[in-house]
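Novice: Going line by line, the protein sequences match chains A, B, C, D, E, F, G and H. Residue numbers for the first sequence, in the working numbering: 1 to 231. Residue numbers for the second sequence, in the working numbering: 232 to 462. Residue numbers for the third sequence, in the working numbering: 463 to 693. Residue numbers for the fourth sequence, in the working numbering: 694 to 924. Residue numbers for the fifth sequence, in the working numbering: 925 to 1155. Residue numbers for the sixth sequence, in the working numbering: 1156 to 1386. Residue numbers for the seventh sequence, in the working numbering: 1387 to 1617. Residue numbers for the eighth sequence, in the working numbering: 1618 to 1848.
Simulated from the structure, these hints should not be mistaken for laboratory data. Virtual Cβ for every residue (Gly too), placed ideally from N, Cα, C. Some clues are possibly wrong.
Unchecked claim - Here are the in silico distance ranges between beta carbons for each label pair:
hint : chain 1 : residue 1 : chain 2 : residue 2 : range
1    : F       : Arg1298   : E       : Leu1064   : 47 to 53 Å
2    : C       : Ala496    : E       : Ala975    : 52 to 58 Å
3    : G       : Pro1461   : H       : Gly1709   : 51 to 57 Å
4    : C       : Gly538    : A       : Ala34     : 52 to 58 Å
5    : H       : Arg1762   : A       : Thr37     : 33 to 39 Å
6    : H       : Arg1762   : B       : His368    : 51 to 57 Å
7    : A       : Gly76     : H       : Pro1670   : 58 to 64 Å
8    : D       : Ala727    : H       : Pro1670   : 55 to 61 Å
9    : G       : Ser1449   : D       : Pro768    : 36 to 42 Å
10   : A       : Thr37     : E       : Glu997    : 42 to 48 Å
11   : F       : Arg1298   : D       : Ala727    : 47 to 53 Å
12   : C       : His599    : G       : Arg1529   : 41 to 47 Å
13   : B       : Pro284    : G       : Ser1449   : 53 to 59 Å
Protein chains: 8
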Amino acid sequence: MAEPYPTPIIDLGFARLDVQRATRTGDAEVVFGAGKTPAQVVGALRALHAAHPDRAVLATRLSAEAMEACRAELPGVRLDELGRLAVLGSPGPARGRVAVVAAGTADLPVVREVAATVEVCGSEPDVVLDVGVAGLHRLLAERDRIDAADAVVAVAGMEAALPSVLAGLVGVPLIAVPTSVGYGWHMEGLTAWLAVLNSCAAGVLSVNVDNGFGAGVAAARIARRAAPREP
Amino acid sequence: MAEPYPTPIIDLGFARLDVQRATRTGDAEVVFGAGKTPAQVVGALRALHAAHPDRAVLATRLSAEAMEACRAELPGVRLDELGRLAVLGSPGPARGRVAVVAAGTADLPVVREVAATVEVCGSEPDVVLDVGVAGLHRLLAERDRIDAADAVVAVAGMEAALPSVLAGLVGVPLIAVPTSVGYGWHMEGLTAWLAVLNSCAAGVLSVNVDNGFGAGVAAARIARRAAPREP
Amino acid sequence: MAEPYPTPIIDLGFARLDVQRATRTGDAEVVFGAGKTPAQVVGALRALHAAHPDRAVLATRLSAEAMEACRAELPGVRLDELGRLAVLGSPGPARGRVAVVAAGTADLPVVREVAATVEVCGSEPDVVLDVGVAGLHRLLAERDRIDAADAVVAVAGMEAALPSVLAGLVGVPLIAVPTSVGYGWHMEGLTAWLAVLNSCAAGVLSVNVDNGFGAGVAAARIARRAAPREP
Amino acid sequence: MAEPYPTPIIDLGFARLDVQRATRTGDAEVVFGAGKTPAQVVGALRALHAAHPDRAVLATRLSAEAMEACRAELPGVRLDELGRLAVLGSPGPARGRVAVVAAGTADLPVVREVAATVEVCGSEPDVVLDVGVAGLHRLLAERDRIDAADAVVAVAGMEAALPSVLAGLVGVPLIAVPTSVGYGWHMEGLTAWLAVLNSCAAGVLSVNVDNGFGAGVAAARIARRAAPREP
Amino acid sequence: MAEPYPTPIIDLGFARLDVQRATRTGDAEVVFGAGKTPAQVVGALRALHAAHPDRAVLATRLSAEAMEACRAELPGVRLDELGRLAVLGSPGPARGRVAVVAAGTADLPVVREVAATVEVCGSEPDVVLDVGVAGLHRLLAERDRIDAADAVVAVAGMEAALPSVLAGLVGVPLIAVPTSVGYGWHMEGLTAWLAVLNSCAAGVLSVNVDNGFGAGVAAARIARRAAPREP
Amino acid sequence: MAEPYPTPIIDLGFARLDVQRATRTGDAEVVFGAGKTPAQVVGALRALHAAHPDRAVLATRLSAEAMEACRAELPGVRLDELGRLAVLGSPGPARGRVAVVAAGTADLPVVREVAATVEVCGSEPDVVLDVGVAGLHRLLAERDRIDAADAVVAVAGMEAALPSVLAGLVGVPLIAVPTSVGYGWHMEGLTAWLAVLNSCAAGVLSVNVDNGFGAGVAAARIARRAAPREP
Amino acid sequence: MAEPYPTPIIDLGFARLDVQRATRTGDAEVVFGAGKTPAQVVGALRALHAAHPDRAVLATRLSAEAMEACRAELPGVRLDELGRLAVLGSPGPARGRVAVVAAGTADLPVVREVAATVEVCGSEPDVVLDVGVAGLHRLLAERDRIDAADAVVAVAGMEAALPSVLAGLVGVPLIAVPTSVGYGWHMEGLTAWLAVLNSCAAGVLSVNVDNGFGAGVAAARIARRAAPREP
Amino acid sequence: MAEPYPTPIIDLGFARLDVQRATRTGDAEVVFGAGKTPAQVVGALRALHAAHPDRAVLATRLSAEAMEACRAELPGVRLDELGRLAVLGSPGPARGRVAVVAAGTADLPVVREVAATVEVCGSEPDVVLDVGVAGLHRLLAERDRIDAADAVVAVAGMEAALPSVLAGLVGVPLIAVPTSVGYGWHMEGLTAWLAVLNSCAAGVLSVNVDNGFGAGVAAARIARRAAPREP
C-alpha cells in the first residue's frame, strides 16, 4: 500500500554523503551505525569505499548483526568486536602520532573508537593503557612517550581525574573523552563530563560523553598539521 | 506592641544546647555563625564555655562583625580571619593526628575550618598544602607523612582529583570535602561533589560541599579511636 | 580475523591487579562483576585467590549466570544470592566490629554487600535490621548495641532519615549508604543522597548511592584501627 | 507623558479581590507582600479589612519598610517581626487545633507564617518547638499533645527527617513544609522537598518550599471540619 | 549451601508488620507489591488478613502473575486489573466521602489506587472522571457534587492544571496527585509535580508522582475526622 | 469477578471525544496510539471516522501490532510505517502550505508526524529534507521555496542550529520541533529544546521534544488563516 | 593608553544593524537594553529611527537611567515605566489583532512587552487581564473577544494553567509566555515553562521564560498574514 | 593576635608558581584575578615578570580596582578594559595564527580573553566579529580567511549555532567557547554548553562556559605546533 503523501528522495539511508568534504578536510568518511540495519551499514560502507578507493572508511557503534553482515559481505573489511567498529580500505601513510591514554579495561571500547578514528583520519594511534591515577608509578613511567606525541586523547570515566594529572605532566594538546563508565550514581557520565571541563590544568579540551569518534577526528586534525607530509 | 500569638521559650538563640552530647560523643560544642547576630554568637559561645570549662568550644562561618564582637567581649578567644572562626577554651591533650590536605590557597578557608574542628574535637590537625595533582612531585614528597596519620581529610575544588590520587597512595581512612571553588560553570560545587563520590579508589568518604566542620568532627572521631588515651 | 590495530596486553580482564595494595592497606581484593562474563569472574577470583591464599577475596554485583559458574567451578566458594556476592578463601581473625543498620527488607541487598565487604576486609559485621524511623521503639532498643561498635554503616533509601536519627543517638563514626529504593519520583536515589549529605547531625559521612562495597571498605579501615591486632 | 497604549483597569494593586471566596471557603483574605510597596500593602489590608470587618486579614512576606508603614497607618494592626507578618481584625472563635511542629530556631520564620495563617483562617495554632530528630526524647515527650491535635504541620529544613518520624508516631493528618534552611549544597530546599515527598511513612502531604501560608490554609480547612462550630 | 554469614530473622518478606498501627491510626494495612514475588504477596495478604479479620487489607502495584496467584489462592479476594490492586476482607461502614477527580482515561490506574485506598481506610470514594480543563463545562457540571465531599483528590498528569482550577471552585481540603502521564519531555512527572506545588490557588497539598496510595491514606484520614462515627 | 468498586462510564477508551471541537477549530480528530491496544486504536479510528465522514482522522505513535490491525480491519486506511501513523478519510481541499524542513534522515519519523498532521488539519505539507547547517549551500538553494510558505516547521535534533539559521533567512512564522536524536549525552532532547528556546533569531516558537503532532496542529491553524477558503 | 591588540570595527554598540531585515520580514527593529549604557540605548534608537523614519522602533529591558536618558534626549519617545520600554516613531496602520491575556498584575511587565512588540511589528494588541483560572467566570466572560482575535498570547507564571484552559476554549493560534513569577521553589520559571510545553491541549506554542518580545514578534507575524493589508 | 594554629608557608597569594612549566610547555604564566586583591594582582604580575623577563605574563578577570592598581604601579603594562585583562612584557615573535570568531558584541569580553591568551602564549590572534548565523552572508565572506588559520576558536552564546555552521565550512581544528550570554532562561550558559558538545559536525572541541583563557591556551598549543619556529 502507498504511503499517505509523497516521500522526498533520501540519500541511501546514511546521514551525510558529501564527497568533497573528505578531500577538503582530510577527515575520513564515517557511517554511524546506531539505529541502522545491517543492510544499511553494508550499503553505506560499500558506497563510501567506492567513492574513496584510496582512503579508509569507518563504521562505528555497530550491532552484532551489522558486524556479521560486514564480515559476510565486505571482503577485506577489518572488524573490532570490542570497539564495535568496521574499517574498509587502507588509510595510507600516517602523519603525526596521537597518544590514546586510559586507566583500565572498562574504557577500552571508547579507546578503540578513538584509535580507529585517528587511523582512518590519517594519523597514527599509540594506545597507552593501565595508567590510572590510583597507580601513579605506571603513569609516570609512560610520561616521555606521551609527551613526544603530537596530540593526546585521555579517555576517562568515573571521576575522570586522569586528564588533569596528565595535563600537569605534558605540554601536548590534550583532548579528554569523559565516559559513562561508573559503578554508582554518576548521571550517565555527567560526573566525568563536568570534571574534565573543570580541570585545574589549563588547556584541557573536551568532547561529549563516550564520543571517541569526535575526539579522534579532532586529534588527527591536530597531529596531521603538527607533522606535515614528507616531501 | 505584642506579637500576634504567644511565642514558645527558645533556647537562647543558638541551635542545640545538649550538654550531655559532648560528654557522650567526645565532639566539641559548636555555634554555627551563619545568620546569627554578633550578640547571639557572643552569647552562645559564653554560655557553652561556661557549661564546658574544661573543653574548647568553636564558632564557625562568622561575619566580620561577629569576629569583632568576639574579640571585644570574649577574653582569651582565638580568632582565625581567613577561616572565619573563633575558639574559646582549651581542647586539652590531643589524641591521634588528622592530615588535612589541599592543593592550593583557594581552598584555604575550608582547610582552616577542618583543622580548627579537629583541634576542638580533641585530635591534632596536620595541614599539608600545595600538593595539587598538577604538580605530582610535591604530593609524592608528602606521602609518608600523610600515610602515618590516623585519618586524612582531602579538601578539593574544581574537578577534585586529589582525593582519588591520595586514596591510591595511602591506606588511611579518607574523607573528601568537595569545595565550591572553581573558575567556570561547576554548579556551585556539584562537580567536585560528584567527583569525590565517584572516585575510582575504594573507600573515599564524603561530606557536603564546603562542609569542613562535618569532616572535622568525623575525622576526629576516627582519629581519637585509633589512638586511645594514654594510661 | 585479526583486529584492525595492535592491542596492548591487558590485565586478564579484571580491573586492578595490584598485589602490594592489599598488604599495604589491609583491604581485600575485589572483583566488580558488573559487565563481566561468568568466565571472567571465575578467572579473576581464581587468580586473586592464588595470589592471596591466606586472605578472602570478594566478587560483587554478580549475574545469576556468574554465580552459577562460581558454584560449579570454584570449590569452597561461599555465595549470597540476595547480595549477588561470592567469597573465596578465609578472612582470618576479625579486628573490630561494624554495625550495619537498616530499616527494612528492601535495602537488604545493599546491607549484604556492606557486610560481606567488612568481613573480607578483616572486620566483623553486625547486621541490625528492622529499625526504621517509622517504628522508633525498635531502633531505641538496639541503641547500646550500635553504640558499642567501632563503626556504623547506616543503609537507607527513600527519604533516608535513619542516619540523622542514629547520629543523634550514638557517638560512633557513621557512614551512610543512600540507596535507590523508593516508590515514587526520587531520581534514582538522589533524594536519599541529598538527605544524608544534608543531615542535621554533625559528622555523617557518605558514599555513592547503593555503594555498599565502598562503605564496607571504609568502615573496616576505621574499625581495624580502633581495635588493633591482639599481641 | 502618556503610556504607549491604553492600560486596563487594575484591581488596586493586590492580587485577588474575590469577596465571595472567603465566605464560601472559610479561608482568610491574604496580601502577599513580596514585590509590593509599603503603600500597596497598607492599601490592600485596609480595603480587605473594610470588606470583611468581622474577620482577620493577613499580610505575609513584608519588607521592613512595609511593616513600619503598617504600624504607622493601621491602628490595631498586630505585627510579627520574625515572621514578617501583619494581621488586621479579629479571627473570631477558633474551631479545631493545629499542631505546628519544628526542630529549631532556624525554621522559626516559617513556623510563624504557618501559625498566623492558621489563626486568621479560624483555627487554633499550637506551636511545638525544639523537637528535632537529633534529640528524640524531646519529641517523644510531646507525642500525646501532637496526637490530640486535629491536624499537624511539620516544618523542616536540611534533610527533613522530622515529618517521617512524626508520621510514625501519630495518626493525625500531617502536612510537611520543607524549608530552604541548610548549611551546605541543598539546592535551595530541594533536598527537603524531595525528602518529604519520599517519606517512608504513608500519608505525608506537602506544600512548596517555605510555603507556610499554603500549609496553614490547608491545615485550618482540615481542622475546622474536624471540629464543627459549637451549637 | 549456607550463606556466608548469619542472616537476621526477617518479617516474612513484607515491609511493615506493625499490628498496633492500624488500630491507632485507622489506616489499613497495605502490601506494596512492587518487587515482590507472587508467593510473597499472597503470604503477606493472608497474614495481614488473619491479624485484622474485621478490616480490609490492600495490595498495590501487583504484577499480572501476582494477581493471578491472588485469584487462585485467596478466596474472596477482589481484584482490579487496571489499578493492579487486590483487596481482602471488608472495610466496614464508611465514614466521610472523598471525591477522586481526574481528566481522562490515562490517569485511571492512579485513580483506582486512590479509590481503593480510600475505601480500605474506611471512607467512601466518589470517582469523577472526564472533567479535564480542556472541556470546562463538564467540570463545572460536577462542581456541587465535589464541593459536598469531605476531601478531594485531584489526579492530573501532563501540565496538571486541574488542581488549580478545582481549588478555585471548591473549598474542600484538596490533595493533588501528579502523574507521570504525558506525551513528550516531562521528566517522568516532574512537570506535573512542579505544577501542583506552584498552584496559584492557596491550600493545594501534594504527594509524590503517581502516589495514589499516599493520597488515599491522607484523604481518608481527613474525611473520617470530618464525619465522626455515628453513635 | 466484579471489580472492587463501581467504575464510571468511560468514553470508549480514547482520550477526548468532543465532536464540536473539530467544527469549532478546524483541527482534525486524533488518536494518540501510545499505550493503546490494537483493538482500542481500531475502535477509536472507526468511531471518529463515523462521526466525521467528510474529514480525515489521524492516529499517531502506533505500535507495529496496531498498524497491522488497522491494515486488516479499516478499509481505505493509509499507513506510514516510518512515521507510525494511520489516516482514515479524506482531508478535503487544503488551505495554505506548510514547509516542513529537516537536516537528515534521523529526524524523518518526526517529519512524517508533522506532515500528516498538517494534512489532516486541512493544510498542505511541503517536506524539505537534507538541508542541515553542515551543508549550507543545500539550505540556501531552498530558501525561496521555504519563504513562500504560509508557515514553517523546522525539525531538528542534536544542537538544533537549523531553526536559528532558517529564522535569519525567511520571514514566515516558524515553529521548531526539537527532537531526541543525538549520539552522545543530550539529556533526551533537552539540548535541542534549550537551543530552540534560546535562539538568537526573534520569533522562533517551540513545542515539546518530538511533538510533531503539536507542531502540525499549530502550523495548520496559522496556514489556514493566512490562506482563507476560496469563494 | 592603547589596548593590547587592534579592535575590529563594531556596529555602534547595538546587536544587529540589518536594514534589509525589517523590509523583508515586516518585523520592527529592536534594541535590547539589558547590559547597555543609557548612551548606547539612546544612540541605537536614534540611528534605527533615522534608518526607518516611517516605522516604529522599540527598546526593551531598559534601566531607570536609560529610560530617563530617552526621555531627555529623544523628543517624541513614548515610555512605559512598568514594561521598561521605549518606542520611537509611529507603527503605521495595524493589520490584524492579537489578544494578550494574563491572570493578574504580577505578569503585567511581560504583558506590556508583548503588547508593545505587537504594536511596533504592525498589529493591534488587545490586552485582557484578570482572567486567571482561579476565577473561571471572568475568563469565560471574555471568551468571544479572545476567539475573534487573529492570534492569542497567554502570559502565565506559577503553574501556568491558563494556556491549557484557553486552548480548550478558542481555536486561534496560541502562544504561551511562561513567566518567572511565583512565590516558592519554581526554578526561575522552569515550572511554567515545562507546564506550557506539556499542555494537554494540542497546538500550544511557546517561547522562553519572560520572553515577551519573542512572543510579540511571532504573534504579529501570524496576525498580519491572517489579515492582509487593505487594498 | 595570633591565629589558633600554625599556618603553612603560602606561595605569595597566587595560585601556581611553577617556573619550569612555562619553559616546558610554551604556555604563558597567568594570574587569575577573580577573588584577588589589587595588591595581590600587582605583586603576582611583578614576580612572574621578573621570573620570565623575555616573555609576556597575563592577568585575567580583573576588577576595576585591580586594573587601576596595575596602571599605577606596573610601568609598561597593557590593559584591556572590556576584557578585564592586563599584560606585562612582550610575547616575542608569534608562531601560527588563531582565528577567534564570534557573532556579536555581547561575546566581546570573552573574545578578548581568548585573543590576549593566544598572544601571550606565542601565537597570533586574528579576531573575526559580526559573523552570526542570523546573517550568513557575512560569515561566508570570511570563510577563506578562517580556513587559512592554524586553529579556530568560536565564541558563542545563546543557542551557540555558530560552531556547527563553522565546522561544516572549514577543516581547521576548532575549539568552541560557550558563553553565558543570553536573554532568557538558559541556565547560566548550560544551553550553549550542551549545544557545542552535541554539534552535528564532527571534531568540535569545547572548554567550560566563558573560559576564554582555556581555549586560548589550547589553541596556541595547536597553532605553534602547526607552524614550527623559523630556523
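Novice: Give a verdict on every hint.
Specialist: Here is what the structure says about each hint:
For arginine 1298 of chain F paired with leucine 1064 of chain E, a C-beta distance near 50 Å keeps the hint of 47 to 53 Å intact. Taking 52 to 58 Å as the suggested C-beta distance range, the pair alanine 496 of chain C and alanine 975 of chain E does not conform, at roughly 41 Å. The hinted window of 51 to 57 Å between proline 1461 of chain G and glycine 1709 of chain H holds, with their beta carbons roughly 55 Å apart. Between glycine 538 of chain C and alanine 34 of chain A the Cβ separation comes to about 45 Å, which falls outside the hinted range of 52 to 58 Å.
Our hint of 33 to 39 Å for arginine 1762 of chain H and threonine 37 of chain A is violated, since their Cβ atoms are close to 43 Å apart. Between arginine 1762 of chain H and histidine 368 of chain B the C-beta distance comes to about 44 Å, which lies outside the given range of 51 to 57 Å. For the hinted restraint 58 to 64 Å between glycine 76 of chain A and proline 1670 of chain H, the CB-CB distance of approximately 60 Å keeps it satisfied. At about 58 Å, the CB distance of alanine 727 of chain D to proline 1670 of chain H agrees with the hint of 55 to 61 Å.
Between serine 1449 of chain G and proline 768 of chain D the C-beta distance comes to about 39 Å, which sits within the given range of 36 to 42 Å. Take threonine 37 of chain A and glutamate 997 of chain E: their Cβ atoms lie about 47 Å apart, and the range 42 to 48 Å holds. As the Cβ distance of arginine 1298 of chain F to alanine 727 of chain D is approximately 49 Å, the hint placing it in 47 to 53 Å holds. The beta-carbon spacing between histidine 599 of chain C and arginine 1529 of chain G, approximately 60 Å, falls outside the hinted interval of 41 to 47 Å.
Judged by the Cβ atoms, the range 53 to 59 Å given for proline 284 of chain B and serine 1449 of chain G holds: they are separated by roughly 57 Å.
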